[in-house]
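Engineer: Given next are the chains, with one letter for each unit.
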Amino acid sequence: MARLFMKGCEAIAEAAVRAGCRFFAGYPITPQNEIPEYFARRMPEVGGTFLQGESEVASISMVYGAASAGTRSMTSSSSPGISLKSEGISYCASARIPMVYCNVSRGGPGVGSIQPAQMDYFQATKASGNGGFRMMVFAPSTVQEAVDMTYKAFDYADRDRNPVLILADGVIGTMMEPVVLPEMKSDEEIAAIKESKRKWACVGHPLDYANRSWIQPGQWSTKLQQEENEKAAALYESWEKDIQVEHYRTEDAQVVIASYGISARIARSAVDLLRKEGKKVGMIRPITVSPFPYKAFDALDYGRVKAILDVEMSIPAQFVEDVKTGVKERCPIRTCLCSGGNIMSREKIVNAVNSILEGM
Amino acid sequence: MEKIYTRTKTIQENKVSGYCPGCMHGTVMKLIGEVLEEMNLVDRTLCCLGIGCCGLQMDYIAYDNITSPHGRACAVATGVKRSNPDTFVFTYQGDGDFASIGLAESISAANRGENLSVIFINNGIYGMTGGQMAPTTLVGMKATTAPKGRNPQEHGYPMHMCEILNQLEAPVFLARTSCNNPANVNKTKKYIRKAFQNQLDGKGFSMVEVVTSCPTNWGMDALSALDFLEEKMLAEFPLGVLRDR
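In order, the protein sequence lines correspond to chains V and C.
In terms of the working numbering, the first sequence is residues 101 to 460.
In terms of the working numbering, the second sequence is residues -7 to 237.
None of these hints come from the bench; they were simulated from the model.
Quick caveat: nothing in here was measured; it's all calculated off a predicted structure.
Do not rely on the hints blindly, as some may be mistaken.
[What the hints assert, rightly or not] The calculated DSSO-like cross-link candidates involving lysine-lysine, where the alpha carbons are at most 30 Å apart (straight line), are:
| hint | chain 1 | residue 1 | chain 2 | residue 2 |
| --- | --- | --- | --- | --- |
| 1 | C | Lys1 | V | Lys323 |
| 2 | V | Lys299 | C | Lys7 |
| 3 | V | Lys252 | V | Lys323 |
| 4 | V | Lys341 | V | Lys331 |
| 5 | V | Lys252 | V | Lys299 |
| 6 | V | Lys294 | C | Lys(-5) |
| 7 | C | Lys7 | V | Lys331 |
| 8 | V | Lys299 | C | Lys22 |
| 9 | V | Lys331 | V | Lys226 |
| 10 | C | Lys179 | V | Lys297 |
[Stated by the list, open to error] Computed list of chain C residues with no C-beta within reach of chain V, every gap over 10 Å:
| hint | residue |
| --- | --- |
| 11 | Pro61 |
| 12 | Asp78 |
| 13 | His147 |
| 14 | Lys182 |
| 15 | Thr208 |
| 16 | Gly232 |
Quick reminder that beta carbons are idealized off the backbone N, C-alpha and C, glycines included.
The whole structure should be built from the sequences, with the hints applied where relevant.
Structural biologist: What follows is the structure in structure tokens.
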């Protein structure tokens, strides 16, 4: 397959189109504007719909509507915009509506900064809206990964009838890299996917109470509401099989970096540099940050590992809380952090690892 | 004997309405159902319900429906209609939903000329949450959040959605009606039919505002509420067709 040189945001949008996404609604916010702009050009070519909503709130509601009607649908935004979408995301999760959204995250809190950051970790993995729902959350560290994850995300969303989040950041969204794009789904395949949802999709049904489509983001009956919560909890439990994690040069490591997304990309080059100097450093990189690969930390030999180094672009650190749960106090955890739109540097990571090794 | 009237099949049998005595939601729901049946639309219809008493009918109607986030019905309907043009889509929203929290979604959908039909129920008060002030509450009218009555210096004046939307270029049909007497009930049905036909004809955004009563939260019995509606509400919200293109 041909390799193309593409910007992250545009590659994500094209991957969605190839996965059969035929509805996108979004609202401008930096640094993700190239996603809606790409869809605006691309959707008419494939018979899909692009809409610039009047707000993030409206855009996610449009996606809730289109996805409830069985169309593979997507929205995207960046940090403060994702907060606004949390209403509709929670509705989709509650009504079990499959949709995909992407957070090209930036500095926070509040309006924060428009530069890249990883400050939405808790929001992405723990509480993306009211009501305690969960989602599968993929954290790409390259443009290629962002493409592959976006393409697959629609399958996970349809399989589970649940939202799926691509947790990118301003670096992934705005940098250009070579990518191999996935296969374009045919019109027939896309129609078949949509048809498979007809039974529950709100597109009109013969007058028959039992068979009408009733998209319910809540229940009047507390008994039924609890039952829905229990069904959702069982779904979340079933994701153990879907956990993806990368162990990078951890076999004999004395210091193990824990990192994800763009920070992990930078940490990887720090590991390579330190390895050339003969230093025993490795990395555990969650690819799915929800479900989180806690058990990956059980594979380490804590007789040898002197410390875990949490590397993330968030102050205060957030990802570290999941790392702590995985490590279970079997060794010390140090942090290497930046935030506010400042990008992690290899030197900073190298220095942090060296200071651990020197203290041993 | 010839049967000249029958109950609409679009409302489930064996269901007891949760609407209060004197509330007109049931009347409008019935009219919508009759029009859907008469126009042979039932099996391709989706109702996007708002939040509030307007949403109670999710449990009574027999056709497809989706509960929209509060105020977002026009955006949800936009998503469904754009991705499924063959589905007949209408929203059913109260004044808090359509004119307060959903103001941006309502005006923006109207301004885009979305090919939708909107049924907007204006009773000047929040019903389900228990009588709080609405954007359409009359000056001087008491609400739990305006215990001394709506005061223009503090709360501004009632909003007139038909007139506001009439400033926009795109909408094709804007009408205000009521269900206070048989003549107006018939007129309401006629306007609903018109709004629905416009969507079938691909003409764009149509809105029917129905001025109704809320005896419970107005603190009146059903008959007094009807008097209040005719004397006060209709004086503030004059009935008629504002636009028909």
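Engineer: Which numbered conditions among the earlier hints are violated in the structure presented, ordered from lowest to highest?
Structural biologist: Hints 3, 6, 10, 11 and 12 not satisfied by this model.
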